[in-house]
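Novice: The primary structure of each chain is shown beneath.
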Amino acid sequence: METTSKSSAPFKAADAEDDSWNVAGLTLRSRLLLGTSRYPSTQVLLDALAASGTECVTVGIRRVRPTASGGEDLYALLRARGYHILPNTAGCFTARDAVLTAELAREALGTSLIKLEVIADEDTLLPEPVGLLQAARELVQLGFSVFPYTNDDPDLARALEDAGCIAVMPLGAPIGSGLGIQRPERIERIVGQSHVPVIVDAGVGTASDVAVAFELGCTAVLLNTAVARARRPVAMAAAMNLAARAGRLAFGAGRMPRRPEAQASTSREGRIGTAGEPA
Amino acid sequence: MSDLVVQVNGTTHYFAPHTDLMSVVAKVLGDVPVSGVALAVNGAMVPRSHWNERQVEDGDDVEIVRAVQGG
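Sequence order for the protein chains is L and P. For the first sequence, the residue numbers in my numbering are 402 to 680. For the second sequence, the residue numbers in my numbering are 24 to 94.
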């Protein structure tokens, strides 16, 4: 007996498997972007990236250290595996440094994508909004596809979009904190107002945080330490992959309204028992 | 003529007059990578296509960078 027709199928596999999105001329099937830092080894990094399903990874830009061994060429390693590379301006405290770092990244890596970070101070690693907006405007003028790491401030997010950024990347919590999404209502607000992809960047600690980001309507999630510093990074990367799919499905499914009080799932009609109706 | 004093990635180097940036990279890195590196002089990026013609000057501050692990 056929129990479901095509039209009433409760779940289409395609919902989970074809969930691609577009940014900066790229079509990405995975909704996760991963950082490449702080992994116990290069092999664990590569295995974790594969397990996460990501197609786009971030790298930093730093002085070349002339070592006798030469060392591994991370860029070549990642490119050989087909990853899109999103260089960052991590560690920049001024718009000037961030713009120069972006120009160096474009020259070295042949990409106009830039994850823009202008940081207020070493202790909080929070974005510095004035320099961030100034750098974003300059980089857009210079032809970059700017992914700004920003506070969960809807007004700043709007200003960054107006400046021509192709996405906005509000933090869930401070970089490396693993605290999860601290102010979901702020993220939801940014999602509601934005016409560019909203990518939660920073603060993810475990898989449920990723699911929450997608349930709030975010387009993608960028994470690093939650995988790199998990006891088993590759397993955590796989969990993040599943959480992204679960969160996207839940968002598409539409959650039930929250209620302050209980509501019985099972009908009262036809029940047995001796207790009378409550007064 | 005396050698030029040039900072490269925060370290003092000495170069003969008329040394071009390609030679600076080759000397400091041992060889010139095919790709993956970029260079700034005194806070301004210099495209690789100019490394052969651009000469360092006394007191220049050169930064040579590449991609590293990052979040």
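Some hints could be false.
To be verified - Subject to a maximum C-alpha distance of 20 Å in a straight line, what follows is the list of computed SDA-like cross-link-like pairs (lysine to any residue): (1) LYS50/P x LEU27/P; (2) LYS50/P x THR428/L; (3) LYS50/P x ARG71/P; (4) LYS50/P x ARG463/L; (5) LYS50/P x ARG464/L; (6) LYS50/P x TRP74/P; (7) LYS50/P x ASP84/P; (8) LYS50/P x GLN92/P; (9) LYS50/P x ASP26/P.
Worth flagging that the hints you see were computed from the coordinates, not collected in a lab. Small disclaimer: the values here were computed from a predicted structure and weren't measured.
Novice: Look at each hint and say if it fits the structure.
Specialist: Going down the list of hints, with the structure as the test:
1. Of the supplied pair hints, the one linking LYS50/P and LEU27/P holds, its CA atoms being roughly 14 Å apart against a limit of 20 Å.
2. The hinted pair formed by LYS50/P and THR428/L fails the criterion: a straight-line CA distance of about 41 Å is larger than 20 Å.
3. For the suggested pair LYS50/P and ARG71/P, the alpha carbons sit about 16 Å apart, so the restraint of at most 20 Å is met.
4. Restraint check: the Cα-Cα separation between LYS50/P and ARG463/L comes to about 19 Å, which is no more than 20 Å; the hinted pair holds.
5. Among the hinted pairs, LYS50/P with ARG464/L is consistent with the structure: their alpha-carbon atoms are about 15 Å apart, no more than 20 Å.
6. For the hint linking LYS50/P to TRP74/P, the alpha-carbon distance of about 13 Å falls within 20 Å, and the restraint holds.
7. A threshold of 20 Å between alpha carbons decides the hint, and for LYS50/P with ASP84/P the separation of about 15 Å falls inside it, so the pair holds.
8. For the suggested pair LYS50/P and GLN92/P, the alpha carbons sit about 25 Å apart, so the restraint of at most 20 Å is broken.
9. Proximity of LYS50/P to ASP26/P is assessed by CA-CA distance (about 15 Å); at most 20 Å being required, the pair is judged to hold.
The earlier numbered hints that this structure contradicts are 2, 8.
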